[in-house]
Amino acid sequence: MAKLHYNFIYRQIINSRKQVAVFILCVALSLLTLVSLGGFSHSVRQSTLKDARTLHAADIIIHSHYPFSTPLADVVNKYTETGMVQSALVHELFSMVQEPSTTRSLLTNLKVVEKGYPFYGQVELASQRNFTEELKSGAVIVEQAVLDRLQVGIGDTLNIGNGAFIIKDIVVREPDRPVTFFSFGPRIFISAEDLIALALIKKGSRIHYNYLLKVNDPEKIDKLADALSAKALKGQERVETYRTSQSGIKRFLDNFLFFLNLIGILTLVLAGAGIQSALTTLLRQNEITVAIMKTVGATSRFITVHFIAMVMVLGAIGTALGLVCGFILQLFFPILFAGILPANITITISWLTVVEGIILGMMIVGLFAFLPLRSLRDLKPSFIFRKESVPAKRGVLHYGAVGIIVLFFVGLVIWQLEDMLTGLYLVLALFGLIGITTAITKILLKFLRTRSTRSLALRQAFKGLFRPKNLTVPIIITLSIALAVIFSIFLIEENLNATFVQSYPPDLPNVYFLDIQPDQKKEFVNILGKKPQFYPVIRARITSINNKPINRAQELQRKRDNLAREFNLTYRDYLLEDERFSNGKKLFGDHWKDLDMHDEVPVSVLDTVAEIGDISMGDLIIFNVQGIPIKARVTSIRTRSESKVRPYFYFVFPEEILQDAPQTIFTAVRFSAAELGALQNKIVSRMPNISVIDISQTIKILARIIHKLSSIIQFFALFSIIAGLLITISSVFATQFARIQEAVYFKILGARASFILRAFTYENLIVAMICAGLAGLVSHIGSWIVCKWIFSIPYGFFVGETIIMMSITVVLIIAIGMASSITVLKSKPVVFLREHGQE
Amino acid sequence: MAICLLLMLVLSGCEKPAKKSVAETTVPLETQGTIIALGNSLTAGYGVPEEKVYPALLEKKLRRDGYHYRVINAGISGETSSGTLSRIQWILAQKPDIVILETGANDGLRGISTELIKENISKTIQLLQEKDVEVVLAGMQIVQNLGARYTESFAAIYPAVAKDQKIILIPFFLKGVAGEPDLNQADTIHPTAQGYEIILQTIYPHVLQAIESSRKRSTEK
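Chains as they are written, first to last, in the working numbering: chain A, 1 to 839; chain B, 1 to 221.
Hints were generated in silico from the structure; no laboratory data involved.
Just to be clear, a hint being listed does not mean it is correct.
Said to hold, decoys possible - A partial selection of chain A residues facing chain B, derived with a Cβ cut-off under 8 Å:
#, residue
1, H65
2, Y66
3, M96
4, S205
5, A232
6, Q236
7, Q517
8, P518
9, K521
10, E566
11, A661
12, P688
13, N689
For glycine and all other residues, C-beta sits at the position ideal for the given N, C-alpha and C.
Using the sequences and the accompanying hints, generate a full structural model.
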């Protein structure tokens, strides 16, 4: 091997420091992403799965409404005896609880638990004591609401079933409180030892039987669950693992982890593109040097070896930087994710991850650097004299290299996603988007080429796009893709937020009052002390749509919702906070009094039910409101953000139509925990028919988890945004070199700096606008696909945000372009000419 | 064997048009009155097609037995006795001759005081009686897990009200159905179509009794 001339490498690096910096940063960033996402995502996955497990308090849960069948119980016993699992039976039931000295009684939700419960998470008590030690036979642990409602305290006695129990403590938080917890009564914990004393489990009782299992070897969870499912009575006993259990949280977790991986992959792609673009520019700047070296006798081998050495040095620096950053970042994880990750989860970057990272880093550098380096070999000395670029020979090696890059990329995606099919689809979709971008760019440029304009500056700008040796097309493509990726990440994040996070805003109602009778409204407002939003509910069925009767048997076969059920109608003349029109401008149109002539009334329909029933504007729906038919014309269609915990109605009527129909009213309000107890007491004592559903606990847990996950996403999205910025900077730099020469010639010809600046700004503006437009288009297509097909969440276009992102892009590109040309504009042409005299 | 089958096929083939013509002739017949089945999800038939819930079954059976009454299903899932009382004017507007009143179970599941339930049912009956409606009260029991004190006091509401206001009582609406896994849906409280067949048998004699006394009442006038 030829002796390396270190000075040569050093000079090359110093000469192109901007591109070198971009190159190193891109390598560092890809390493940082790999190392911290690799190591961290493992921790995050553990943590989130742990959250999921905590939400179930076990690995496997078996539900039933009846005592467990013998075959199933036998298997559980066998597993328990052989030490494969630990098990705990949990009975949940409603029961009336009496305070013995008065007649006060209260419906409560009993949870009778065996020792061992909860296997994951903790039942937090007000006294901070240990749950299992507190819950002895003869004692109960109750929710604060029980004390408030019965006006008793710790140490008092409660009669439950056939037994009397001493209140021992107050439960503050229960790990496996169901996500959809919607209960008419507060919680009371009782030890399973008292089950017989309670005497509440007998024929005619309604009990939820839950078998909680902790599997000692986590690898075996799915296997055991399958074995248990095989023994379970179909339709009666249900076996779930904390992973398979279907809940909103679970769906969010899946989407979240997928999105995290997606961000990781995209960051890698961007960083790879950055490496290639920086290197291409760097080598292009050195083309003449290389050509001269070849003229004076340097062999291709000499040059290639030196540039490879340079790339390796830079790659090593980038790798080292990335690893150091990774380690530093790791130190800050506990601060960054305070309250996000449980304290006992250690975030360590394992040596395996580091080695993996270094190998991957080198592979990325090698692969993306190969093609630019190879083009050096084809460079002929005659290049010095010719201005046009020599078309590179695209032999087998070229296409082979491209093939390997693609394969490597596909492999990386599949490896990260751990799912072959989704990975392949994703890669296909990405290539599809690149294809679309390229095609549109070429068409646009062709169109622009034929344009002529009077303004000289603008004309120069147009010409600039097509100057020889220019990289306009590849740069626009790279930039558009990079921007599209960033936009997409943002858009997907916004959509995930809109669906999951914003469903839990801080002002969300935390208590529901049901079954308020129309004549109780006034008194209710008095007790509440404020006027809440009342939701009247009128029950009805649909008889026909456009005179086509509802096929009830067929409807009941539907999996999700069906048209055969009873619907809740309501009346009001305004939209709710989270509603907007998807069709029509007023709830009841403009001419609804005209409908009166045909004995018809207007109705506003929610888009979800419109979809189920294939209902559109102007359709005729006949309702049967408890025996009375109502002919309703659809005058508007509403849509809503899918917040799960705000009330919504499929059918809204004008007040005068339904105000006399039989109805009950409910309301949803927000009160602080402190006020809630007293308020419930007051209402229940004055209007005992009103039921109170307190969902404050549920909301708190859900909101906490969802918010913390969304902040992790934001953090990692930052990585890819940095990568995208680096590409933008590198791309704009790449176009500058040719411009510098032009600026000089303009100056010699007597152009003012302001003219040159204008011409350059126009040129950058055209590039920026094409890129921003393309990125906007492509990112919406991409995000729509991800949201619709992978996450199955509704897609919002976020028009305002898109415009802002595009504007920022344009400003950024112009600003970077301007910043890099300012030195040229300031310097005297003669300086440049002296330096580049031979050209 | 084969001949037997063939014969059955032919016979049943003959039977169909005959049945149809009977049905056709019965429909235009003027109805002799209106029965409203007033209640909660047990009447509405939560999770069961409407034609397999007891009001539809009852109408069919009455017709077969020569009683041409229209039976309206006015069940509302989730309704409490307060809700039933609130909508009684709407029910009366449909001018029923007989009302089968089945309410209170949701109150029970929410642990609402039995005095309030009793008061609501009693007021509902009073309003119906003022309009000369014959009331059949469906006796109800509540899930045993609520505790003996409550369940006993709950079950006592119905016979007491029936006795006080002199109305027909179905001792237990869900007799033979409640607590039977095969006759209830997965949620253990809502009957299946099969369960409604049993409910129909349980209530039928009481409905006939109501028809008799409703007829007697109108002839007296």
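Query raised in the report: Which hints from the list above does the structure break, by number from lowest to highest?
Result: The structure conflicts with hints 5 and 9, although it agrees with all the remaining ones.
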